[in-house]
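K.L.:
If you want the building blocks of each chain, they are given just below.
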Amino acid sequence: MNDFTIRKVSRRRFLVSMGSAGAGLTLGVYLPGAAAQDQSADGATSLLEDGAFAPNAFVRVGVDNTVKVMIKHLEMGQGTYTGLCTVVAEEMDASWEQVVPAPAPADASRYNNLLWGPSQGTGGSTAMANSFEQLRNAGAAARHMLVAAAAERWGIAPDKITVSAGKVSAGALSATFGELAEAAAEQPVPEEVALKDPADFVFIGQSFPRKDSGKTDGTAIFTQDINLPGMLTAVVAHPPRFGGRVASFDDVAARAVNGVEDVVQVANGVAVVARDFWSAKTGRDALEITWDDSAALSGSTESMMAEYREMAETDGIDARNDGDVDAALSSADTVLELDFEFPFLAHAAMEPLNCVVRVDADGCEVWNGEQMHTGDQMALAALLGIDVPRVKINMLYAGGSFGRRANPAADYVLEAAMIAKTRPGTPVKLVWTREDDTRGGYYRPMHFHRVRAALDADGQPLAWQQSIVGQSIVAGTPFEPFMVKDGVDVTMVEGAVNQPYAVPNFNLQVHNARSPVPVLWWRSVGSTHTAFVCESVIDELALAAGADPVEYRMGLLADHPRHQGVLALAAEKAGWGTPLPEGRARGVAVHESFNSYVAQVAEVTVGADGSFSVDRVVCAVDCGIAVNPDVIRAQMEGGIGFGLSPALLSEITFADGQVVQSNFHDYQVIRIEHMPEVEVHIVPSAEPPTGVGEPGTPVIAPAVANALRAATGQRLTRMPFRLAS
Amino acid sequence: MAVTLTINGNEHTLDVADDMPLLWAIRDHAGLTGTKFGCGLALCGACTVHLDGNPIRSCSTPVSAVAGGNITTIEGLNSKAAAAVQAAWQKLDVVQCGYCQSGQIMSATALLAGNSDPDDADIDAAMNGNICRCSTYVRIRAAIKEAARSLA
Ligand code: FES
Ligand code: FES
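So the sequences go chain by chain: A and B.
When the letters of the first sequence are read in order and numbered with the working numbering, they come out as residues 1 to 725.
When the letters of the second sequence are read in order and numbered with the working numbering, they come out as residues 1 to 152.
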């Protein structure tokens, strides 16, 4: 999801101040196109305070001296509440304690993702990248108006006033933001505000503690924790094969379960609605359903992969073509040929999918770890036949997502609404079990890559031909018009089409496979497979050239200084080239995704029996200005762990058209025993900040594979890795 | 069918079936939502609570098996070890999405209650049943050591 052009965020904006009714005086700051429709004719703020659709600001200063930062992005662990609050605190010179994040409502007219056009949502590691300038302006404008209010009150010039840690002062005079809020709201709105010189930053670049509170004492509320008066819980029986449908069902036994209230058929199965989860699940398990599998998936992973291999033999669609790769390969003495296989992967967020929906005469209200506000609003509006603004969404914390909650098909959200629609006025919590979640599809697509590459007489890459076979993620979704270009899904080729190494003859082709298996973006999307192939192939070429893998890469990255920067830093900090104990080896990989650059050096220990462990990872990251270094470190640690799961353990496979795995015993993910020591180094930078949620993930698998290659001579080309003993 | 449970020192008489897992009695009937559902099969640790001080997986423990015992959930933690664990978790900013963390903290607290100076192997053994999909493991390890130091 990173291939949108980064547009310069307009600095033109207009700001509107307002008085307040009821709950306290607020200072609202608006950005382009935001305010006009939300203000009633007299500028009163009843709309704002009624809690319905329009809190209507990024920054709100309360008379209680809180600075509320409206967060338009989902907090799913990546630290966006902390990062976005940091930016506002910086430009306002607030105190960290007074800054409080608050989830913004679903309203694309004000809270759109500036890198997604007119759509609100979170993904592609864009939260900071699209918000940085927007929130700096919002914070600076708020500060400007507070200062103006103080200047007027004290009868002095604004430039005699300083602001620090939430205190506005001039000599012996001082006031808190809260004391000035009402007066500030009366101030004229600045046309243009000056932003801080980065040299004066006091928050940005420091590691202030996280703002997503309640996560160590059980008080944080996730979708799973919503409990509304009269709420019922639904559990759904889904078809055992993708593409299957309900032929008929017998619900007598299900309805006899104590606590079961109703059984309703929905688009993709049969739902049991009950007073609590356990009754609903017991009822669901008692359903007798006959499935119509006439249009369902019938094959196995092996049969699908065999088809992919055949497709790779045919002519694909060119995604990039430099020089004459066929001529160069046929003239080469030796051609390196490598095939790579990648399985489907489930996101398996810790919080299984769930959603609470109430449908009534006024519209529809949703409680959800909401990652794609506008898409889900539109899908719900279409389902219910209502206008988009009638869909109110309460964005809650998500217990992970890794892309799964950003589904253009809105699958689980629509499912919840289909059930809720049958009981107007009653909130319904749809809960997927872990098994439902593991088998529910929208996987990282399976892929096959074939690469043929050759060196010139000097050991430099001469030719590189790569074919990718896989399912398009965005085909058939609203994203298709701008994310599929000439038949090439940008999410399939990202990381390959822009591979950074200097290769005079380079050709990349794609083959679009089709299947009833629903697929979706999975933390770092295309780079989950393209980075592995690129970094494995370049490593093999370095070995073929008899060169050191770090030096070889450095030489081919002359036009990519930020790649070089992280690579050099990771190598230096890892002690690249220094001796290691017997059985231990290092591997390296470097990759850019979502405009952030990451290099990792992995150290592995291999046993005589083919077992191995990943012991230590040294990671260097360049994500522009490091807004909160500790959050960046945490995301690198987490991204490494997330990428290690498929490298070591996870895969979704099919047999007889059915998903084989069901829960964490067979869809295994890393546990604490698998987690290496991780050391993270951040490249100092004055570039605009870019995301860190995803870019740590794609680098670890190739770094480990390259370390295993160094230790054993075996080139691993499929995940999870299995060494021959 | 009524079952009486002692949760965080309070008696709850709940109208639930004997075979309902403790997790759902705690969450859906006692209204305490800090204890999480992750897998339902004793595979992930998100649902960890203490029964008479020992960590158990509430998703796989029927209510009938714990009537008469003292159940402690994340909301009811009040030992010195627990306070040290929670303080260390905050000091090192362990959490990411946070969904697994009630279970992690329940397991870590039980570990420290029985072992005041755990090494890496002890930590791995005690915490291996608690999955964190955000992979906060590096910090979990460090925070347990930090908590142990603060208790020493
Ligand atoms: S929910 Fe109990 S161990 Fe996973
Ligand atoms: S913090 Fe997200 S699963 Fe552990």
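Simulated from the structure, these hints should not be mistaken for laboratory data.
Computed from a predicted model, the values in this text were never measured in an experiment.
Just so it is clear, CB atoms sit at the ideal spot from N, CA and C, and this is done for glycine as well.
Accuracy of the hints is not assured; some may be wrong.
Unchecked claim - Not the full set, but computed from the structure, chain A residues with beta-carbon under 7 Å of chain B:
1. Asp276
2. Gln661
3. His665
K.L.:
Would you mind marking each hint as holding or not holding in the structure?
P.N.:
Hints versus structure:
1. Asp276: The hint holds - aspartate 276 of chain A has a Cβ within 7 Å of chain B, the shortest such distance being about 4 Å.
2. Gln661: Nearest chain B Cβ about 12 Å off; hint violated.
3. His665: holds (6 Å)
The structure does not agree with numbered hint 2 stated previously, though it agrees with all others.
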